[in-house]
Amino acid sequence: MIDVMLKGLPFLWQGLLVTLEAAAVVVVVALVVGVVLGIGLSYGPRWIAWPIRLLSDFVRGLPLLVLIFSIFYMLPLTGWQISNFASALAALAVFEAAHVSEVVRGAIQSIHPGQNEAGKAIGLTFSQRMLYVILPQALRRFLPPWINTVVDTVKGSSLLALVGIVDLMLSIQQVIGRTFKPMPMYVLGALMYFVINYTLSQISRRLEARFAYVRE
Amino acid sequence: MSGNSTVPLVRVRGLTKSFGSNQVLKGVDLDVMKGQVVSVIGASGSGKTTLLRCVNLLETYDGGSIQVDGVEVGYADANGRRRPRRERELARIRADIGMVFQLFNLFPHLTARDNVVLGLHKVRGMKRTEARQVAEQWLVRVGLADKLDSLPIELSGGQQQRVGIARAVAMSPKVLLLDEITSALDPELVGEVLTVVRELANDGMTMILVTHEMSFARDVSSRVVFMDAGRIAVEGPPHEVFGAAMQTHERLRSFLARIELKRA
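These protein sequence lines are chains F and E, in that order.
Residues in the first sequence are numbered from 1 upward in steps of one, following our numbering.
Residues in the second sequence are numbered from 1001 upward in steps of one, following our numbering.
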């Protein structure tokens, strides 16, 4: 079993890189979009908050695979030509952004309203209050659940294989297609996903400890 | 506009405010002259905290007007019609109105010094080194010279509230609003905070304070305002409110009696 793994390993590097690249792109896009949407959800007037809420609930209610296939098959119908890779990444990014927006909203709402009032009272504008008062405090509430969405992104990226993108998952299946020995390669694949995600949750734990300036 | 001693610094006229169907302010008129200290007393639910919070628009108001140094706080006049102020205008107005909160509301991620620096640096536009100097001067004045680098959780309630006062007065506000600033403190810590407020009063800081500390209100105020059910029921110099008016005004007498009972 070990020798099959070692022989197969070199063929997985390219796929691993694709998985990491896809996850990294999605994490960054989902973070930026999710933070903006989350602030909109928390502070926006109804005409901003309500559409975000609708979108977020809708997207989070779909299985990721359905979302990936929907965008994959529907975008070409609108006449918009984008690559398989881009369309799958867009689906994953929309999905994760919706989750991040909820994490942001939860983190912001965990901050005592008096903080916002104290910021107003010394004359800070909305963006200054966000930047210097609310978000620095929300950060520590944000990090642990956000790392969960990052882990979900890495795991969710394995579905990209289903629209023909040669990521770690599809590389594994390609190797199995030649060796006809599924067990060792799936075990190896599982280990690789685990190492990535375990590393992430360890980082999360470090960060949590670092930002623990409030006694609870 | 400022410096004219016949025009009130804070001028409230016909102020009304409802939360849903509950009208908490039913037409309040109040003038505060420069350098005056006005204490607002009254039972909980009488509208006194809401009145205070309207002055720097932490609460919007429905009707009437609030002017601070001649500027309408909540609304701009656009061709005879009221429109809510924009965020930036509001921030500029609020920068000149200091507020100290019942629950301190210090920024927990910043040291005592940086709590004071934030407004000086970001709002007043001081250089960081200058802002730090001003912040330190104020923290020394409120007796926290050895706590400059402490985080709020490392301070006692009384110390936190003194940082809260330093944060507000460092901005050199035209008027300082104090919202039951000793109500969340252990009794033995109340004195150190009131001492600071008394010094500010002696220095001529214009203040409106909502308080349950009757003896303090009597000592420090130029005027005492008794609010009852959304209106100002009694108003006058402290010796009058706590003297003659108390004999004639039934609601005031029973309110003060209840406070005394709690004390005893």
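Treat the hints as calculated values from the structure; they're not laboratory data.
Predicted model, so just to flag it, every value in this text is computed and none were measured.
A virtual CB, placed ideally from N, CA and C, is assigned to each residue, including glycine.
Wrong hints could be hidden among the right ones.
Partial chain F-side listing against chain E, Cβ under 10 Å, derived [claimed, not checked]:
{"#": "1", "residue": "Gln-109"}
{"#": "2", "residue": "His-112"}
{"#": "3", "residue": "Ala-121"}
{"#": "4", "residue": "Thr-125"}
{"#": "5", "residue": "Phe-180"}
{"#": "6", "residue": "Pro-182"}
{"#": "7", "residue": "Tyr-186"}
{"#": "8", "residue": "Leu-188"}
- Message: Hint validation: Leu-188/F versus chain E, beta carbon distance must be below 10 Å. Holds or violated?
- Response: violated, 44 Å
- Message: Please check whether His-112/F passes as an interface residue: C-beta within 10 Å of a C-beta belonging to chain E.
- Response: The hint holds - His-112/F has a Cβ within 10 Å of chain E, the shortest such distance being about 7 Å.
- Query: With a cut-off of 10 Å, does the beta carbon of Pro-182/F approach a beta carbon of chain E closely enough for the hint to hold?
  - Reply: violated, 51 Å
- How about Gln-109/F: closest beta carbon in chain E under 10 Å, or not? Where the cut-off is 10 Å and the nearest Cβ of chain E is about 16 Å from Gln-109/F, the hint is violated.
- Item | Supplied contact hint for Phe-180/F, tested at 10 Å Cβ to chain E | violated, 58 Å
- With a cut-off of 10 Å on the beta carbons, see whether Thr-125/F makes it to chain E. Hint on Thr-125/F: holds, closest Cβ of chain E at ~5 Å, below 10 Å.
- Query: Would the stated hint for Ala-121/F survive a check requiring a Cβ distance to chain E of less than 10 Å?
  - Reply: This interface hint holds because 4 Å falls under the 10 Å limit.
- Close enough to count: is the Cβ of Tyr-186/F nearer than 10 Å to one in chain E? Nearest chain E Cβ about 45 Å off; hint violated.
The structure fails to meet hints 1, 5, 6, 7 and 8 from the earlier list, while all remaining hints are met.
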